[in-house]
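Here the protein sequences line up with chains V and D, keeping their order. The first sequence begins at 1 in our numbering and counts up by one. The second sequence begins at 354 in our numbering and counts up by one.
Think of the hints as simulated: they come from the structure by calculation, not from any bench. Be aware that one or more of the hints could be misleading.
[Unchecked claim] Not the full set, but computed from the structure, chain D residues with beta-carbon under 7 Å of chain V:
1. 614
2. 620
3. 626
4. 633
5. 634
6. 655
Built from N, CA and C at the ideal position, the CB exists for glycine as well.
2 protein chains.
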Amino acid sequence: MTQANAYAAHSDQSGLAPLTLERRELRSDDVAISIDYCGVCHTDIHFVQNDWGMTQYPVVPGHEIVGRVTAVGDGVTGFSQGDIVGVGCMVDSCRECEPCRHGLEQYCLEGPVLTYNGQDRHDGSMTYGGYSEAIVVNKDFVVRIPERLDPAAAAPLLCAGITTYSPLRHYGVQAGHKVGVIGMGGLGHMGIKFARAIGAEVTVFTRSEAKVSEAQAQGAHHVIVSTDDAQMQAAAGYFDYMLDTVPVQHDLNPYLSLLRHDGTHILVGLVEPIEPTVHAGNLVFGRRVLAGSLIGGMPETQEVLDFCADHDIACDIEMLDIRNINEAYERVKRGDVKYRFVIDMATLREIAT
Amino acid sequence: MTQANAYAAHSDQSGLAPLTLERRELRSDDVAISIDYCGVCHTDIHFVQNDWGMTQYPVVPGHEIVGRVTAVGDGVTGFSQGDIVGVGCMVDSCRECEPCRHGLEQYCLEGPVLTYNGQDRHDGSMTYGGYSEAIVVNKDFVVRIPERLDPAAAAPLLCAGITTYSPLRHYGVQAGHKVGVIGMGGLGHMGIKFARAIGAEVTVFTRSEAKVSEAQAQGAHHVIVSTDDAQMQAAAGYFDYMLDTVPVQHDLNPYLSLLRHDGTHILVGLVEPIEPTVHAGNLVFGRRVLAGSLIGGMPETQEVLDFCADHDIACDIEMLDIRNINEAYERVKRGDVKYRFVIDMATLREIAT
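All chains, full assembly: derive it from the sequences and hints.
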């Protein structure tokens, strides 16, 4: 494969536009994938806008990728042409450090190679993501999409799904636990589904009375309007876990006081300084824990896909024509999507032909 | 018992002065104790100075109490006259809530009754602490001091000891783990001893080169001067646990980055807002945990005393004449004590006679 059509952001503009780019030749342990669907993650927007000051243009976003195998390298035995497969946030890691050896490639001591805006460990080339007709990825970072899953709705499981599934498992959420889910976007609505499937009692926190019925429709057993002091106070000390998916700064203290002793507040969306700051007493006086979690490793990424197939769980998506990507970004920024845009890559092929 | 001589702080002064106070009559489940020793905790100073705005004067501080049983109520079977016993930070709790039923009275949902400046659950009277000749305490909040322990050096185990022992156990420190201890005061030096006794590799963090040999003498396998950037950077990602005993605001971020993935930073000293604030990325990108812990429950308070007897562990103390208590407070504030003052209550009896 020599060329693929993609949508890229360039340094002279924040919007995305068509681009023709080189995809690397197949290595012996590579899988070539024709992309059918790619989810739109808020992280894509951060990279396009260079919000974190680390974008190298041109950048092709997209790390919730589902497609069909078109070719495999000589050394690949697990995948064959025609297989429906997925690629998430990582495409390589050192494979040798302790986290890598334990299937926690996201915490690779040398840093995982990100699916886009990353640097290939072999030839130093930049990685390009899933807003594209095709991608070539090392076999160990390709997962199988179970047949029972709708491929389009499975795409967001590769970031939004694994990001919420992994911490619920790691921090020990079990049937009967009381789990609060803060935020009801792409991550939050998946958190509700997973916590329910595990058997937990799920309470959604929303700032708006108008979203109560929506939260119930998503499967929440209870809904608390976080701007209602009486509702918040009535829940003091009630929860075993909070799954906090809010990606912007917000006050954690009111939520910490809703945890019982030994409760755990899990951050998966916030990667900024915590403002307003946490009062240490909220941790000390209840032996509470403030925890973080980042996506999930490759074994667990396969696990979440299988879990979703077993439990009939899918992401709620809105299918997107790639020509409307810039408008979609504006809607994501406003929280105006239920709950994840997924690009139908057929629309990219229409432009290219 | 009707009267006991004590040292109390009054609302018109910050220093301590002699006082004669009523001790309650023995109830059927009470133990009356003649106090021999009482440790001086920084918390005592906070209460005397009303730093937390909750002091009710007169306050008799002291919650690291060791003495001899002088009488027991009709319903007491576990203690007899002459037994060497201890009283820590709590003297009662609701006994019925879930934390209480699990021996975690410090997290009692109604709040434990503190040893001083607390309110008796039966008659509403104020509780008075251990800077006193005598105390009357419910049997369930009295622990046995093992014979092998020096009673004076055992006193600080009832706060400084249990406060550091409990989180090492609860958060799962085991032999071979790499544990950092931040702060080398009353709490920190006990943390070193406990972590070593468990079989962990212990590193002490100190701001001063001058304290390196002192830390080694305390049993530290390694010492890192935290003001030396090179030493700090060389330890990035090294530690499984940090036991943070620093009671004043300090930047946690440099320490968080020294934790490996899944590492745990345990706060036991800080009960203020965390300033500077924690960067959420330091938790998310390594699945790290920021945790709190408060003293320990009654079963574990007995456990730490037995553990110290089994492992020949004692607090390093400086014996104090109660007439020098105000000077001792100034020295505690300056960190000028190795590592805990313990009041010899014989000096109070000299004044009283």
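Each hint, compared with the structure:
no., hint, verdict
1, 614, "4 Å, holds"
2, 620, "5 Å, holds"
3, 626, "5 Å, holds"
4, 633, "4 Å, holds"
5, 634, "4 Å, holds"
6, 655, "19 Å, violated"
Going through the hint list in order, the structure does not satisfy hint 6, though it satisfies all others.
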